[in-house]
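Enquirer: If you're matching them up, the sequences are chains A and B in order. Residue numbers are given in our numbering: position 28 of the first sequence equals residue 147, and the series is strictly consecutive. Residue numbers are given in our numbering: position 137 of the second sequence equals residue 141, and the series is strictly consecutive.
There may be inaccurate statements among the hints.
Heads up, simulated DSBU-like pairs for lysine-lysine below, C-alpha to C-alpha not over 35 Å straight-line [unchecked claim]: (1) B:100 - A:224; (2) A:293 - B:592; (3) B:169 - B:100.
Rather than coming from a laboratory, the hints here were simulated on the basis of the structure. Keep in mind the model is a prediction, meaning the values are calculated, not measured.
One letter stands for each residue in the lines below.
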Amino acid sequence: MRWWPCCGARSMSFRASAATSLRDLARERYQRWLSRRLPPARTITLEQRRLFIFPSRNGFLFMFTLLLMLLMAINYQNNLAYGLTFWLSMLFVVAIHFTHANLMKLVITGVRAESVYPGQHAEFLLRLSCQSSRSGHYSVRLLWPDCEALVDVPADGSVEVALHVKVGKRGWFKPPRLRIESLYPLGLLRCWSFAQLDLPALVWPQPVPSERPSSIDEEEGAQGFSDETGIDDLAGFRDYRLGDPPRLIDWRSYARAQPLQTKLFSAPVREDHWLNWSDFSSGTDEQKLSWLCWLALQYHGRGEDFGLRLPGAEIPLGGGDRQLELVLRALALHESSGNAGE
Amino acid sequence: MITGDQLPRRALTWLIACQFAVIVPHLVRVPLWVVAVYLGASLWRLQMHRQRAEMPSRWLRLALGITASIAVLASYRTLIGLEPMIALLLVASALKLLEAIRDRDGYVIVCLGFFISVTHFVFSQSLPMTLYALACTLLLVTAMIALNQRPGATFTRHEPLLALKMLGLAVPMMVVLFFLFPRIGPLWSVPSKSGAGITGMSDFLKPGAVSKLGRSAEVAFRAGFDGPIPAMPALYWRGLVLSQFEDEAWRTLGWRELPASERTLVRPETTGDPLRYRIVMDPTQQRWLYGLAYAESETAGVLEAWDFRLGVLNPLESQFGYDVRSWTGATMQPQLSAWRRDVETSFPENINPRSATWVTALRSRHPDDKSLVAALLDHFREQPFFYTLEPPPITQPDFVDRFVFDTRRGFCEHYAYSFVALARMAGIPARIVAGYQGGEINPLNNTVVVRQFDAHAWAEVWYAGDGWVRVDPTAAVSPDRVELGLEAALAGEAGFLADSPISVYRLRGISAINWLRLRYDVLAFRWQSFVVGFDSTRQIDLLQDWFGEIKVSWFVAVMLGSWAIVLIPLTFWLNRQRVAPLFLPEEKRFVAVTNRLQTLGLSRAFGESPLALLERVRAQLPGDHPLRGDLEAAVGDLYNRRKAD
Chain A
120 MRWWPCCGAR
130 SMSFRASAAT
140 SLRDLARERY
150 QRWLSRRLPP
160 ARTITLEQRR
170 LFIFPSRNGF
180 LFMFTLLLML
190 LMAINYQNNL
200 AYGLTFWLSM
210 LFVVAIHFTH
220 ANLMKLVITG
230 VRAESVYPGQ
240 HAEFLLRLSC
250 QSSRSGHYSV
260 RLLWPDCEAL
270 VDVPADGSVE
280 VALHVKVGKR
290 GWFKPPRLRI
300 ESLYPLGLLR
310 CWSFAQLDLP
320 ALVWPQPVPS
330 ERPSSIDEEE
340 GAQGFSDETG
350 IDDLAGFRDY
360 RLGDPPRLID
370 WRSYARAQPL
380 QTKLFSAPVR
390 EDHWLNWSDF
400 SSGTDEQKLS
410 WLCWLALQYH
420 GRGEDFGLRL
430 PGAEIPLGGG
440 DRQLELVLRA
450 LALHESSGNA
460 GE
Chain B
5 MITGDQLPRR
15 ALTWLIACQF
25 AVIVPHLVRV
35 PLWVVAVYLG
45 ASLWRLQMHR
55 QRAEMPSRWL
65 RLALGITASI
75 AVLASYRTLI
85 GLEPMIALLL
95 VASALKLLEA
105 IRDRDGYVIV
115 CLGFFISVTH
125 FVFSQSLPMT
135 LYALACTLLL
145 VTAMIALNQR
155 PGATFTRHEP
165 LLALKMLGLA
175 VPMMVVLFFL
185 FPRIGPLWSV
195 PSKSGAGITG
205 MSDFLKPGAV
215 SKLGRSAEVA
225 FRAGFDGPIP
235 AMPALYWRGL
245 VLSQFEDEAW
255 RTLGWRELPA
265 SERTLVRPET
275 TGDPLRYRIV
285 MDPTQQRWLY
295 GLAYAESETA
305 GVLEAWDFRL
315 GVLNPLESQF
325 GYDVRSWTGA
335 TMQPQLSAWR
345 RDVETSFPEN
355 INPRSATWVT
365 ALRSRHPDDK
375 SLVAALLDHF
385 REQPFFYTLE
395 PPPITQPDFV
405 DRFVFDTRRG
415 FCEHYAYSFV
425 ALARMAGIPA
435 RIVAGYQGGE
445 INPLNNTVVV
455 RQFDAHAWAE
465 VWYAGDGWVR
475 VDPTAAVSPD
485 RVELGLEAAL
495 AGEAGFLADS
505 PISVYRLRGI
515 SAINWLRLRY
525 DVLAFRWQSF
535 VVGFDSTRQI
545 DLLQDWFGEI
555 KVSWFVAVML
565 GSWAIVLIPL
575 TFWLNRQRVA
585 PLFLPEEKRF
595 VAVTNRLQTL
605 GLSRAFGESP
615 LALLERVRAQ
625 LPGDHPLRGD
635 LEAAVGDLYN
645 RRKAD
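With these hints in hand, go ahead and build the complete structure from the sequences.
Expert: Here it is in structure tokens:
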């Protein structure tokens, strides 16, 4: 994105501001044209119509040298100087085809996007694969606004590239248009393409420490912790719940063809908590989500079970990483008064 | 800094190799310290690469640059001219290496390298030079590829081969462009070569001037004959006419010294078929050309001078080819003007007293000009004169006396000088002609290769009615010189070829080498006359031969056609490698069915298995829908096939 046309990523900010000048309008038009021409997809194959090519800065330096060489040939009436000049000019023409072919049919697949908190960098895992058994794609540069990678894709093989992009606010984060470019083999021409990968990253709410609402205090008082008991002291059994660690399962009773039972130990007592949207009377919706997020993390950190009650959604009680993920996802995607992320 | 903008390590090695490759042909014309700068810069850069040295600071680099420019100025005493310019380019390229950190710096070095390669051709367009430049180009293109490799990528045989492949593909289009590109004249006058290091005739003759050429085996020119080649003794390649004796040397008359009536050439009457041949000359930095008397040329740019010489307006900076027609029997200048007779008989009277007395005595016995000339030649023939490349030095001014009566050992210029002086003392118009005599005949392509050691000086004497007639006093002393060439005439004298210690010409006694040498010479002549000597006249001839008439539209069509012939197959070939792996027939059929389903709004979701799709279709389409049956069959085939695999 060092010269025309600019990368899609930069224009995101432009789109936000009103297109005041004609220049912005043109940029906007160009971006819209690009979006139409290059629709988002999970897997993108670089085809003829997606590839752009133009001489690079070094290419212009080379052309300037060719001009000087031609003047030398004319002024000294030197046929071999003419020959060398023409040879290199035609090399430039041949290089157009080689540079173009280097990106042709490169397949880019969005594999996975990491979920993160707002303002963090999410890892996007991309797979670049080559469909040809004869020649790979060399020195392919992937550019996102604040990160880039340079990779070789071997013939008939593929490479995985992790790129880290800073995400925006809560909700689905769609990565900006990825710019793929290569100057290989001679560096005189730059061939590039854009890929709008359909690979959104989930952005959770920003956790914010909250004052515990009154209902939680009550629960805390009712159940509490049992003191000074060793970890190994068996306190009783309860029905197995999804996510209970296997070492706590009472295998002996299971062998007697009884339903699965989970052993309970007296320290610390696992408690059930409900994260309740309606418990918070003050604060904006986003604040409430942030508090809930913080609480969920707290409970998860202490290894306690928790459930979530949002307007229109409920996640039953549960524990472990899986439960945390479900809760955070629900919080991230919660639509409140039209304030959801993109 | 962005990844990949740094100069890859392997590229550095290639760049240094390129730099040394392009400087080699210039070694003969740049001062030795330039090489020292090269070595120093490369070593420093390598130490930087090994992290044992720092990059020189901006001020140090600036100081180095200024010092180098001053050093060039001091070495050449000027900055204007081709050699100083090349020295500056070379030094700039070497110093650029010190600050080559980013890939862009690498491109500056590569582009400088290409430009320096072009300057090689200004000095030599020979076949070996061309091959060397090809190698340099390959090296430079490989360096460009290395500059674009991912840092850390291993360099393989693949890269030079890729460079070779790309350059090879560019050749056909280059050839077409070479023949079609209009050859226009120089746009402005350019700094010329200094002429240092060129052996050849000079425009004045002093004893010793020609004999030093006997030490060199360099090619002066090649002449390709259309018909049979005349016998060796007839091959007198006339170059300069030296009429004026001044300051103890013979020189040519300048155009300004002539009266207006003498400036134009009076063409002799010519009868019969001329000898037709084409001469390709290596650059001489001089204005005169060579030909067999009497010679005419229709090649553009060739002038015919009043004394039946051929010449060009500007010194020959580069190789020059011209077609000649010669009528060896033509009478040159049957009438002599009084002014010219006066010039051609003048010789200082106060020197050479012994010769003057002797000539006066001889004249009284031979009143006829022709018999006097015969008597003079008889004297050379009968007295103990010797033909040698290393004559004893003779102090001026009584050169003729000392040579004719005392030392009697000399090279062709001694004989020509003495003979013309004696003839003029007798009142016969006579002058020295300098040029080449003989040459090596290459029967393979009917050419004569004339080398520097074939340089010769002889005389021309004017007889009333016969005009200027060639007289060679050397032939009287040493007939072998004219009939067999210099080497036979000298019979193993040490000075012969002393300046060409490694010339292949020395090895021509070995028959296999001679066989190769003659064939190489055929190739070299073709190269010189067809490629190097290709000019606007030949271009127009060639294009008229091919296209009948010259039309711009034809040119454009041929040019684009040549591009299409190369580039369209190239594109196909490059993309052929990029075809996705072929689908199995079952897979193709499944894809075809899903495409038809898409028209009904039932598109296959990302990652949806064929069975899942089938489930969905079964739920949404009625049982008798034809596509449903098709999909069931296609999916069935697909899974059966996979099981079989």
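Enquirer: Would you mind marking each hint as holding or not holding in the structure?
Expert: Hint by hint, here is what the structure shows:
Of the supplied pair hints, the one linking residue 100 of chain B and residue 224 of chain A is violated, its CA atoms being roughly 39 Å apart against a limit of 35 Å. Proximity of residue 293 of chain A to residue 592 of chain B is assessed by CA-CA distance (about 33 Å); at most 35 Å being required, the pair is judged to hold. Restraint check: the Cα-Cα separation between residue 169 of chain B and residue 100 of chain B comes to about 29 Å, which is no more than 35 Å; the hinted pair holds.
Hint compliance for this structure: hint 1 alone is broken.
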